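Numbering-wise (our numbering), the sequence shown opens with residue 965 and increments by one.
A couple of the hints might just be wrong.
Derived CB-CB ranges, DEER-like [stated by the list, open to error]: (1) Arg1050 x Gln1256: 26 to 34 Å; (2) Ala1297 x Thr1197: 51 to 59 Å; (3) Asp1231 x Phe1161: 44 to 52 Å; (4) Arg1249 x Pro1137: 35 to 43 Å.
FYI, nobody ran anything at the bench for these hints, they're computed from the structure. The structure displayed is predicted, hence computed values, not measured ones. Here a beta-carbon is modelled for each residue, glycine too, at the ideal position from N, C-alpha and C.
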Amino acid sequence: MVKLDRLINVLGGFGARLVSAPRSRSADLRSVALHDPADPGATGDVLLAVGVDPDDAGLVERTPAAVVVFRAGSVGDQVVAVARERGLAVVLVDPAVSWGQLAGVVYGLVLEGRETEAGRGPTDLFALADALADSVGGPVTIEDHRSGVLAYSRRQLTADRARLATILGRQVPEEIRRTLAERGVFRHLETSDEPIFVAPLEPQDSHGRVVVAIRAGRELLGSIWVETQHPLTASHEAALTGGARTAALHLLRTRASADLERQVESDLVIGLLEGHEEASAVLSRLGLRSEQFRVVAVQVHSGAAPDETALLAFERSTIGFGWSRPGRSALFANTVYTVLPYDDAARAREWVRALVRELPSDTTILAGVGGAAGPNQLVDSRREADESLAVHESRPGQDAVVYDEAWHEILLRRLRHAASTGRLPDRGPVVDLRRHDREQGTRYVETLRAWLECQGDLGAAAARLEIHPNTVRYRMRKMAELTRLDLDDPATRLAMIIAIAVG
């Protein structure tokens, strides 16, 4: 089961567009049907209009479905008019996406939604890799579009050094990627669905490899690699190409399921950080077990649109579904919030560094780490993470700001904010000195700040101001003549420090 709103949003990620808005996007979708003229009684909440003329409004007039999906560039005006009158959602999907791939996404969301919420995946790429290895007679690796290893076959007896390094590291080594790029392999994958033979990478290797793209419409999802001494026969190539189509369906369904899991996780985390949910129950559902937690707030800035960079950070934070990830994340506006089961600030900071390594090098990452908090204090840790993030924004280029280390800066920011919500005092020593500096060009406020921060040490204050101690002594005497300082009163000194900081 999935909400109609979620299905529409997920299909939008595959180039689909909504041409008729439903009366309500909160409807639950529990079934899927393919249009079949031989079985007009087949119905479902989602109807895939296979073989239907997109200009024929008859199907939209009759169907009890909540959403109708057409694989077409456009639909007739009458279709849109009837759909709007009936309150149906009509979705158009790029014809470059096959019905098989589209059905995989929709079925994966609607029928397997309950399983993915429980953390179970709908596909098994390792079984597909084993089946392909048996069909083509060589070890198989299935990779994503960034050369990360998704699955590999059991058959690895003839694996060369490059293949073993790829499997052990779960990523194609960078030097091998460069070699493949120089040979034009990645350029071929971007533009062609035909398998290509790649000669051995090193002189001592006896095996080359055949690679084919895994594609959904125009989008490259990944690739399948087969280690072999020679180009494949026509029948083996056909099996490999068929395997690529099956893998595309697996990856699309996995992406849809992961997208649903991300939404479920994000909703739970947001409720947790806003204090709307019972903390212990939500933490248990999220698989987070600890007595102390920390909330991390991350923003990513680059030349791309803010929404795009925020989604990228959220995707990287939630990669690898299951309970192997240390934290659970939510995307709220342009900020990714992650709850980590850590008391130690160093471990939280290392988590941020790991995330930075996963993001493009041309991005700027700002991060704030809230203080350690129990289950019922996560709202406070989230606020501290936001405040630490604001501090990091004022000094980019440094490591993530941790509340434990920056509490004093955060306190002063709170005081500045509190001061900005009301009228600042229009009298008092700091106001008098600031006015004199402005009118007479003196540096009394700067001198008073140095004296207060150095706790009355004339020598230290002079060194900070780069002037003679006698000059500090002279200025302090002139200030005392101008206004009432009361430097012997601790409360007055504290008030002047605050007034200088927030002014």
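Verification of the hints:
1. Arg1050 x Gln1256: 26 to 34 Å: Taking Cβ atoms as reference, arginine 1050 and glutamine 1256 lie about 54 Å apart, which means the hint is violated.
2. Ala1297 x Thr1197: 51 to 59 Å: At roughly 54 Å between Cβ atoms, threonine 1197 and alanine 1297 fall inside 51 to 59 Å, so the hint holds.
3. Asp1231 x Phe1161: 44 to 52 Å: holds (47 Å)
4. Arg1249 x Pro1137: 35 to 43 Å: The hinted range 35 to 43 Å holds for arginine 1249 and proline 1137, with Cβ atoms some 39 Å apart.
Hint 1 alone, counting from the list given before, is not met by this structure.
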